[in-house]
Amino acid sequence: MKVDKELTKGSHELILLKLLSRKDMYGYELIQEMSLLSEQVFAMSQGSLYPFLHGLEDRGLIQSYTREAGGRERRYYRLTPAGQGALEEKERQWGIYTRAMERILKGAWGG
Amino acid sequence: MTWQDEFIKVCLKKVPAGAYRIRTEAELREHMEILIQERRAAGAGEEQLRREVLARMGDPARLQKAYQAEGLRRKALEPRYIAECWLTSVVWMELCWFVLYLLLAAVGFGNDSGAFPLYAHPGRTLFVGAVSAVLPTLVSGWYLSGALRFHLHPKRMVCAGLGLIWLVICLEQLGLSALAYGIPLWRLGELFARLSGGSDPTFPWFTPLYAGLLLVWCLLVGIGLPQVRRALDARGAGEEAGQN
Chain A
3 MKVDKELTKG SHELILLKLL SRKDMYGYEL IQEMSLLSEQ VFAMSQGSLY PFLHGLEDRG
63 LIQSYTREAG GRERRYYRLT PAGQGALEEK ERQWGIYTRA MERILKGAWG G
Chain B
24 MTWQDEFIKV CLKKVPAGAY RIRTEAELRE HMEILIQERR AAGAGEEQLR REVLARMGDP
84 ARLQKAYQAE GLRRKALEPR YIAECWLTSV VWMELCWFVL YLLLAAVGFG NDSGAFPLYA
144 HPGRTLFVGA VSAVLPTLVS GWYLSGALRF HLHPKRMVCA GLGLIWLVIC LEQLGLSALA
204 YGIPLWRLGE LFARLSGGSD PTFPWFTPLY AGLLLVWCLL VGIGLPQVRR ALDARGAGEE
264 AGQN
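If you're matching them up, the sequences are chains A and B in order.
Here the working numbering is used: the first residue of the first sequence is 3, the next is one more, and so on.
Here the working numbering is used: the first residue of the second sequence is 24, the next is one more, and so on.
Take the hints with a grain of salt, since some may be wrong.
Claimed, not checked - In silico DMTMM-like links for lysine to aspartate or glutamate, alpha-carbon gap of 25 Å or less:
#, chain 1, residue 1, chain 2, residue 2
1, B, 36, A, 75
2, B, 88, A, 93
3, A, 25, B, 82
4, B, 32, A, 75
5, B, 37, A, 59
6, A, 20, B, 53
7, B, 178, A, 59
8, B, 32, A, 60
9, B, 88, A, 60
10, A, 25, B, 56
11, B, 37, B, 82
12, B, 36, A, 59
13, A, 25, B, 61
14, B, 32, A, 31
15, B, 32, A, 59
16, A, 25, A, 60
17, B, 178, A, 60
18, B, 37, A, 60
19, B, 36, A, 60
The hints are simulated quantities; they were obtained by calculation from the structure and are not laboratory data.
Using the sequences plus the hints, can you model the full thing?
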């Protein structure tokens, strides 16, 4: 299912932080999880995932480390305590946003 | 060179060489290998597989910008790179100063000679002092705001660089005058008085007030120029997006 890209803009950070709050993951795994859980609504160009993850790493929200997998080194990402704080704040803001949007779309003004 | 190599090469073309580039190349390569295995397992032929993997990875020309920005941001966070930028900005300031003094001398400005002697002319002295403060710091600030624009805190970094420039200017003017007049640096009051008070002064505009204002100016430049750079970058990106 496809939605207007403008609608999903800005949500990738929250999604990635949320996914990493469940377990440590590597790039491809994150893309798969994002796509599966959102029924492909939040699929992103896979090449753009890494600069995005690296940006979160720069800001100290996630950390990366290498682990051996199948005889080769693979880079995994994990959430940091600062990332956990940012995730909670983003979830709170997202809740406010969706509730407000729902009220508008459902015509909560009683009309 | 395989099509995967070609794709990665385009994506990372503008990423500075170093640890970040190596690591990103490994991540991209592994990601593409997983995608290839997945498509192969689904029964895709080589050409179909290539098209599908490239489509999923995205337009390499667009990705190149994202990787370049991230690569430069990483570079800008390296203490060695920051120190190099600061030192280069000092060199820019010195070069600008040198050229400016040659031009002023060519026009006829001189301490107590030439068409426009500074001695006993406070207006001219102020003009030369202002020009020799504003231009070199603007040139250095412009360089710094460009070189450090990908840092997480560009304003702080540019302000720190300009703070260093302020220190160099003060030490230079005070140091040279201390040598010229044989007054040690720690007798600052005496040195300032000799600089701006007597005949044949080396830098007659250099007073404690001037040094203070110069510091304020450096900080203003350090705060302002990164914002100008950011606005110009955003405008450039907007125009580019409009063209696409």
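Here is how each hint holds up against the structure:
1. B:36 x A:75: Holds. Residue 36 of chain B to residue 75 of chain A sits at ~24 Å (cutoff 25 Å).
2. B:88 x A:93: violated (30 Å)
3. A:25 x B:82: With Cα atoms ~30 Å apart, residue 25 of chain A and residue 82 of chain B exceed 25 Å; violated.
4. B:32 x A:75: holds (21 Å)
5. B:37 x A:59: holds (20 Å)
6. A:20 x B:53: Cα-Cα ~24 Å, so holds.
7. B:178 x A:59: holds (21 Å)
8. B:32 x A:60: holds (23 Å)
9. B:88 x A:60: Given pair residue 88 of chain B, residue 60 of chain A holds - Cα atoms ~17 Å apart, limit 25 Å.
10. A:25 x B:56: Distance ~23 Å between residue 25 of chain A and residue 56 of chain B Cα, so the pair holds.
11. B:37 x B:82: holds (15 Å)
12. B:36 x A:59: Distance of about 22 Å is within 25 Å: holds.
13. A:25 x B:61: holds (23 Å)
14. B:32 x A:31: holds (23 Å)
15. B:32 x A:59: Holds: residue 32 of chain B and residue 59 of chain A sit about 23 Å apart, inside 25 Å.
16. A:25 x A:60: holds (20 Å)
17. B:178 x A:60: holds (17 Å)
18. B:37 x A:60: The hint holds at about 19 Å.
19. B:36 x A:60: It holds: about 21 Å lies between the C-alpha atoms, which stays within 25 Å.
Hint compliance for this structure: hints 2, 3 are broken, all remaining hints hold.
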